[in-house]
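Visitor: The primary structure of each chain is shown beneath.
Number of protein chains: 2
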Amino acid sequence: MVVGTEWLVEAHGCSPEALRDLGRVKRVLEDVLARLELRAVGDGLFHTFPGEGGVTAMYLLTESHLTAHTYPEHRLATFNLYCCRPRPGYPWQDALATALGAETVTVRALPRGGDPG
Amino acid sequence: MVVGTEWLVEAHGCSPEALRDLGRVKRVLEDVLARLELRAVGDGLFHTFPGEGGVTAMYLLTESHLTAHTYPEHRLATFNLYCCRPRPGYPWQDALATALGAETVTVRALPRGGDPG
Numbered sequence: 483m484v485v486g487t488e489w490l491v492e493a494h495g496c497s498p499e500a501l502r503d504l505g506r507v508k509r510v511l512e513d514v515l516a517r518l519e520l521r522a523v524g525d526g527l528f529h530t531f532p533g534e535g536g537v538t539a540m541y542l543l544t545e546s547h548l549t550a551h552t553y554p555e556h557r558l559a560t561f562n563l564y565c566c567r568p569r570p571g572y573p574w575q576d577a578l579a580t581a582l583g584a585e586t587v588t589v590r591a592l593p594r595g596g597d598p599g
Numbered sequence: 483m484v485v486g487t488e489w490l491v492e493a494h495g496c497s498p499e500a501l502r503d504l505g506r507v508k509r510v511l512e513d514v515l516a517r518l519e520l521r522a523v524g525d526g527l528f529h530t531f532p533g534e535g536g537v538t539a540m541y542l543l544t545e546s547h548l549t550a551h552t553y554p555e556h557r558l559a560t561f562n563l564y565c566c567r568p569r570p571g572y573p574w575q576d577a578l579a580t581a582l583g584a585e586t587v588t589v590r591a592l593p594r595g596g597d598p599g
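Each protein sequence line maps, in turn, to chains L and X. The number in our numbering is simply the position in the first sequence, starting from 1, with 482 added. The number in our numbering is simply the position in the second sequence, starting from 1, with 482 added.
It should be emphasised that the hints constitute simulated quantities derived from the structure, not laboratory data. Warning: the hint list may mix true and false statements.
Said to hold, decoys possible - Across the chosen pairs, the derived CB separations fall in these ranges:
no. : chain 1 : residue 1 : chain 2 : residue 2 : range
1   : X       : V589      : L       : G535      : 27 to 33 Å
2   : L       : K508      : X       : G583      : 37 to 43 Å
3   : X       : G583      : L       : T544      : 24 to 30 Å
4   : X       : K508      : L       : P573      : 33 to 39 Å
5   : X       : R567      : L       : E585      : 35 to 41 Å
6   : X       : P573      : L       : D576      : 41 to 47 Å
7   : L       : R509      : X       : D576      : 41 to 47 Å
8   : L       : G535      : X       : D525      : 18 to 24 Å
Glycine included, C-beta positions come from ideal geometry on N, C-alpha and C.
Extracted from the complex, chain L is given alone in its bound form (with noise of 0.2 Å):
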């Protein structure tokens, strides 16, 4: 029984100060929120690395979860969204661009849940 999608992103080649931008980031999640109407359960969960670390940024969902992790130090973001309902798409390159600054994105798309073995 599949009962929803992975997305896992990768977002390369992005500028080191946004991945250090907590609020930059929350942005880009929020965006994702409001695109594809998917509705968060209280306020995320959010922490910030000291010194040259990242960020990161958790959203539980009604439809599942959506998540973030950046490296500066490697100029990289990456980006879980794993949802229960059948959403449109979500454009991850234009929007990781303009956010980030980033140069290149990859994007899976993995089942859950599917039938054992």
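Since chain L is already given, all that's left is putting chain X on it; use the hints.
Guide: Frame of chain L; chain X shown alone:
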């Protein structure tokens, strides 16, 4: 640049009652944290769906994230563990059989942050 591994775990054939019990699902995640020596940031996010629905639990980790979503109507639980440090394996099959009555457990391990292209 690979920055971590994400394990996607599907547990089929679970007890529906166990999958509606947030305390039991939280104990599964707490066991993962303890055995793999992972550190949660804050208290996590939890949600219990009404009626015959399942539960969702998420922890933000210093090493990334750990999530669970349950679907009692399908006797299914799905887990994500995203970890930025090398970790020993977790005995998903045995642990989920004991804790949730899982009959079949499938585990996918995916690299995160790999080079584009």
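Visitor: Look at each hint and say if it fits the structure.
Guide: These are the hints, each one checked on the structure:
1. V589(X) - G535(L): 27 to 33 Å: holds (29 Å)
2. K508(L) - G583(X): 37 to 43 Å: holds (38 Å)
3. G583(X) - T544(L): 24 to 30 Å: Because 26 Å falls inside the window, the suggested range holds.
4. K508(X) - P573(L): 33 to 39 Å: Given a distance of about 36 Å, which is inside 33 to 39 Å, the answer is holds.
5. R567(X) - E585(L): 35 to 41 Å: violated (27 Å)
6. P573(X) - D576(L): 41 to 47 Å: Given range 41 to 47 Å: holds, Cβ gap about 42 Å.
7. R509(L) - D576(X): 41 to 47 Å: holds (42 Å)
8. G535(L) - D525(X): 18 to 24 Å: holds (21 Å)
Of the numbered hints given earlier, the model fails hint 5 alone.
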